[in-house]
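Visitor: Here's the letter readout for the chains.
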Amino acid sequence: MTDTAVAKQPVPTARQLVWRRRRQAVARNWLLYRHNRQGIVGLGVMVFFIVLALVSPLLVSPADIEPATAQGIPNSPPYSGYPLGTDNFGRSVLDLVIVGSRISLLVGITATLVAVFLGATIGVISGYYGGTRLDTGLNAVTNWFLVIPWLVLAIVLSAILGASVWIIIVVIGVTSWAQPARLIRAQALSVRERPYVERARVLGCSDRTIVARHILPNVAPVIFANAILTVAVAILTETTLSILGLGDATAISWGVVIEQAFSAGAMTNGYWWWLVPPGVAIVCVTLAFTMCGYALDEVLNPKLRR
Amino acid sequence: MRWRYLGRKVGWALVTLVFVLVFNFFLFRIMPGDPAGLLARSQRLTEAEVAEQRALFGLDESLLNQFGTYLKQTLSGNLGTSYLTGQPVVDTITSRLWPTILLVGVGTIIAIVLGLMMGIRGAWTRGSRFDKSSLYGSLTLYSTPEGWLGMMLLIIFAGTLGWFPVGGYDSGTGDTGIAHVVDVLNHLVLPAATLALGYGASYMIVMRSSLIEVKDEDFVATARAKGLTETMIRRKHAVPNAFLPSFTLIVLSFGFVIGGAIVIETIFSYPGIGQLTYQAIDAYDYPVLQGVFLVSSLAVVVANLFADITYGFLDPRISEV
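Protein sequence lines correspond, in order, to chains V and S. Numbering (numbering that gives the first Met the number 0) for the first sequence: 0 to 305. Numbering (numbering that gives the first Met the number 0) for the second sequence: 0 to 320.
The reader is advised that the hints may include incorrect statements.
[Unchecked claim] In silico contact screen, one side only, chain S against chain V (beta carbon under 10 Å); selected entries:
(1) L13
(2) F27
(3) P87
(4) Y141
(5) S142
(6) G146
(7) W147
(8) L153
(9) A224
(10) V256
(11) Q289
(12) S296
(13) V300
[Stated by the list, open to error] A few chain S residues that face chain V, going by a derived Cβ cut-off under 8 Å, partial list only:
(14) T15
(15) I154
(16) V262
(17) I280
(18) A282
(19) F292
[Unchecked claim] Pair ranges (Cβ atoms, derived):
(20) V:V54 / S:T93: 48 to 54 Å
(21) S:I100 / V:N268: 49 to 55 Å
(22) V:V50 / S:S127: 42 to 48 Å
(23) V:L202 / S:S132: 53 to 59 Å
(24) S:L297 / V:A139: 35 to 41 Å
(25) V:A219 / S:K131: 47 to 53 Å
(26) V:T12 / S:S132: 50 to 56 Å
(27) V:E197 / S:L243: 45 to 51 Å
(28) V:N268 / S:M116: 34 to 40 Å
(29) V:C204 / S:G6: 37 to 43 Å
(30) V:P66 / S:I100: 37 to 43 Å
Bear in mind the hints are in silico, worked out from the structure with no lab data behind them. The beta carbon of each residue, even a glycine, is placed where N, CA and C say it ideally should be.
Just chain V, same shape as in the assembly:
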């Protein structure tokens, strides 16, 4: 090895080193994740539905799901051209399920972003300042939100504020941030005690730098795994709210389809083809998100591995 060979190799900066290490960690975790059959199946189903939601405008034209212009025979079991039958307006149930994926996933994912943003902010601050009065206060608020019947709160809130997709998103987000906050606080508390945080403080880093550079990156995996599980809960909550008639009737989600079928007497008349598909779609998506979340948890938490 000569001096020139060494000189040609540029010395990586600290930032490059960090990113190289992060890339390696992601690659290592992906290798573990790939061998988790649950996780892969869940990921596949999840990607399928997300793609379906994205391309749904190409598959279904607005006229097909408009009650006034729908062409099918009303309340008909499956027949040619309508593989899942029709609803009381003669709309294809298959079309409704395809269109519904959009709102259901939009609500599930956006509400989760709201919940996780709130939960992460409160959890990280609370954990980083663990033991102080600020932490005690934030922790009390978190515990309060954990204890009160949050589904009842969500129902009451959306009854008061009215039915619109954005209100539902905010309501679900505001009522489901406590669980993530508690998990993230616990993680932040343990990360805070690690030697490199102490070193950063000795080097004169501000609280903000320590949180952004050291605490957040180490809490991120927990946040991510938890967020995926929260999507499942958010989709279920949206369904519950819609079934109670608190959904946005102008934005067709799977829950709204179920509610319309229920109100139109699909149960007493035995229109199973109208009720079954949207429910099955919800079960598939929720299960997919749950399995992904559990698989990620298993990858990121060595204690759960076999």
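Please arrange chain S on chain V, whose structure you already have, making use of the hints.
Guide: Chain S only, in chain V's frame:
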């Protein structure tokens, strides 16, 4: 158990309730328009009638005065009057309490017994066919919206097979004695099964994972080295230690169960608090909604206090702090 622990838990429960009271007051004042205006929207009242209602509810007074009146009334057990029926909210709620207690009670007990038993067996025989099928079954049930699950059970067991009634608390035939009890239970089967399936599944998942964590602990290995039978190890050493985290989660999930009961009662036209809530949403009956939120919060806080105290007995380490 230390008195300080007990005092702290009771104190926390009281603080929680005070916050519920304050929250409940402001919850119904953040809505667009005031209650009287909303009443006008739902019942098409004239201007004069709206003004009368506003005076009746004390909406003309300052927020602080309103809060004072609200506190005084609530603490003396006056939750206002239902817009829909004109009856006191307290009477409306108490008349609907029993069916919900029956439904949630029976459903939860079945869910706990089944969920814990299956979770224990699954964890102990981890990877077996029983474990895998019960785990995937539970995950699927956990992912099923309970309202929709109820509709499916209704279509299959009440509609197609005709084994159970479509809904309601009883047939209203005026039977007494055994015949009435059988009738009520017959009506209870499907809604309670919906509740039990949904929550039993999540209890199973929780119990299974906490027992799996305990299974590899040193004290289990020690018990095995002492030559205890597998049953003894499971019953005396592993399960009691794994039970505590599940216990907390079960109690915390109680708030969710009450919400779930609202949907289930709506689907099965079961005349409890849940159906009352649904009717109140439909009619913009805010005093009733406010009362339901208060009563269900009270139920959850009391359940949590009970759980904390039991926890202190079950795990002496906790109450020693």
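Visitor: If a hint holds in the structure, say so; if it doesn't, say that too.
Guide: Here is what the structure says about each hint:
no.: 1; hint: L13; verdict: violated, 12 Å
no.: 2; hint: F27; verdict: holds, 7 Å
no.: 3; hint: P87; verdict: violated, 19 Å
no.: 4; hint: Y141; verdict: holds, 7 Å
no.: 5; hint: S142; verdict: holds, 4 Å
no.: 6; hint: G146; verdict: holds, 4 Å
no.: 7; hint: W147; verdict: holds, 4 Å
no.: 8; hint: L153; verdict: holds, 6 Å
no.: 9; hint: A224; verdict: violated, 22 Å
no.: 10; hint: V256; verdict: holds, 9 Å
no.: 11; hint: Q289; verdict: holds, 8 Å
no.: 12; hint: S296; verdict: holds, 5 Å
no.: 13; hint: V300; verdict: holds, 6 Å
no.: 14; hint: T15; verdict: holds, 6 Å
no.: 15; hint: I154; verdict: holds, 6 Å
no.: 16; hint: V262; verdict: holds, 5 Å
no.: 17; hint: I280; verdict: holds, 5 Å
no.: 18; hint: A282; verdict: violated, 10 Å
no.: 19; hint: F292; verdict: holds, 5 Å
no.: 20; hint: V:V54 / S:T93: 48 to 54 Å; verdict: holds, 53 Å
no.: 21; hint: S:I100 / V:N268: 49 to 55 Å; verdict: violated, 33 Å
no.: 22; hint: V:V50 / S:S127: 42 to 48 Å; verdict: violated, 36 Å
no.: 23; hint: V:L202 / S:S132: 53 to 59 Å; verdict: holds, 55 Å
no.: 24; hint: S:L297 / V:A139: 35 to 41 Å; verdict: violated, 19 Å
no.: 25; hint: V:A219 / S:K131: 47 to 53 Å; verdict: violated, 32 Å
no.: 26; hint: V:T12 / S:S132: 50 to 56 Å; verdict: holds, 53 Å
no.: 27; hint: V:E197 / S:L243: 45 to 51 Å; verdict: violated, 33 Å
no.: 28; hint: V:N268 / S:M116: 34 to 40 Å; verdict: holds, 39 Å
no.: 29; hint: V:C204 / S:G6: 37 to 43 Å; verdict: holds, 41 Å
no.: 30; hint: V:P66 / S:I100: 37 to 43 Å; verdict: holds, 42 Å
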